[in-house]
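Model the full structure from these sequences, guided by the hints.
Residue numbers (the working numbering), protein chains in the order written: chain B, 3 to 270; chain A, 3 to 270.
These are computed hints drawn from the structure, not numbers from a lab. Treat the numbers as computed from the prediction; the structure is a model and nothing was measured. Hints may be right or wrong, so weigh each one.
Put simply, identical chains are the same to the list, so a pair is met inside one copy or across any two.
[To be verified] PhoX-like cross-link-like pairs, simulated, lysine-lysine; straight-line CA separation at most 25 angstroms:
1) Lys245 to Lys169
2) Lys69 to Lys252
3) Lys113 to Lys26
4) Lys242 to Lys169
5) Lys198 to Lys164
6) Lys198 to Lys169
7) Lys231 to Lys5
8) Lys177 to Lys224
9) Lys193 to Lys169
10) Lys218 to Lys205
11) Lys5 to Lys245
12) Lys259 to Lys5
13) Lys27 to Lys87
14) Lys198 to Lys242
15) Lys218 to Lys242
16) Lys205 to Lys26
There are 2 protein chains.
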Amino acid sequence: MEKKPIGIFDSGVGGLTVYREIRKKFPYEDIIYFGDTARVPYGPKSPQTVIQYSLQNARFLLQQGAKIIVVACNTSSAVALEFLKRHFLVPVIGVIEPGTNAAIEKSLTGKIGIIGTEGTIRSNAYMEAIAEKIDSAEVFSSACPLFVPLAEEGWLDHPVTKMTIRKYLQPFISKNIDTLILGCTHYPILKPAIRKFLGKEIKLVDSAIAISNELKEILPDKETESLGKSQFFVSDNEEKFQKIASLILKHPIEPIKTVKLGESWYIE
Amino acid sequence: MEKKPIGIFDSGVGGLTVYREIRKKFPYEDIIYFGDTARVPYGPKSPQTVIQYSLQNARFLLQQGAKIIVVACNTSSAVALEFLKRHFLVPVIGVIEPGTNAAIEKSLTGKIGIIGTEGTIRSNAYMEAIAEKIDSAEVFSSACPLFVPLAEEGWLDHPVTKMTIRKYLQPFISKNIDTLILGCTHYPILKPAIRKFLGKEIKLVDSAIAISNELKEILPDKETESLGKSQFFVSDNEEKFQKIASLILKHPIEPIKTVKLGESWYIE
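Shown next as structure tokens:
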């Protein structure tokens, strides 16, 4: 029987933090990753646009034979997940629920912080997901639009990064949170610097780890004769994808193929 | 006779710095502005993609009756201008040549710095344009990917911005430049902070001012009975466009209409 791959899509290269965790836990599975590098970032885009792009991305993965769709992108998960679930027959999982569950499990005081892109924060998706599960939670959130370019610059330990972390995260300390959800796939790249600023008392929820744990429950990896293969597709700029991939995975990746987008427009 | 508008396009909201200068110099002209906010940023995208998007943007402006196309986006100007010029009958002007001319005029030592997005810098467009005009010029360039999100955060005078400016621009001081081209439409938003760091000795070339001066030469504004009207189109997220427009223009703008993009894809 033909082996069907796990499909992962993200708005760009950040989702490789999710790929990395899934690859660790599923050494025997084939994986297809699609990074929509031509249309990144999704964060500042409207819900309609994010839904439209997510639908196209998922459809592409299905045409490549994916048996399950992992939405690595937080903005897509926040905005488009229900829509994708209704639209397709294969299981579709996003990062919001696993991240929420992990945060609730870790938090002792119920004071939980969430950081993400403008789109994720504006959607209130994490906040609503937490509120549904525990009434007494106090949730604080903030968009951190500089974290993605800082991670992509590779300024992992630079004073600018430290100061930006202070500026964005100081208010969370004042609110006395005990758990912080890193609600963007790029943020695990800055995890050491964020941990250094927040100290050991505040627990960090890495949604890449949370979603791979969830996937493990619904899809146990079966040992086979051969290790799983990985295939990477991007919609643009393989070179930059490769550069940041090395930052995340510590090794170059191949093969990368480009999926070209054709477009037309109309006035609403 | 029907009044035909000046058409301006940019990858997003930054081109409003160009709009602002053109509006100042052409109070009697109608202006149509298109910001491709659904597909911003162009900086990290491949030349093919930037050309394709630029073509669509220009075609849209022409369908709205534009008599001249102003390419406010540096990445588009660097990558797609020649293509657009060959493709359309109306005049098409970009920011690279006016910026280059202004820099050459201002520089006494011929040591010129250029900052811009990754795409603009990688294209070497400014460097080649300067080299074509003066053999003896020494040109240094660097991409500053954090400047756009800093400008959009409105952190115009924040320590993070000062430190980032130092990190990116210190090497230009070491190279002893006497002129710096702000090769991205967002950068004039940070001009006061950049000037503070560089001091008065280093002249700044604002490509928005340079292109509006150039336009003034080829299209003298004729006084008419009524002041010119402005119309704004975006491809997504009017709200964010409005927010940053206020930062640049110091007043809200209207009307803004959304041009919706329809898409399909194929594998290369």
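- What are the numbers of the hints the structure violates, in ascending order? 2, 3, 8, 11, 14 and 15
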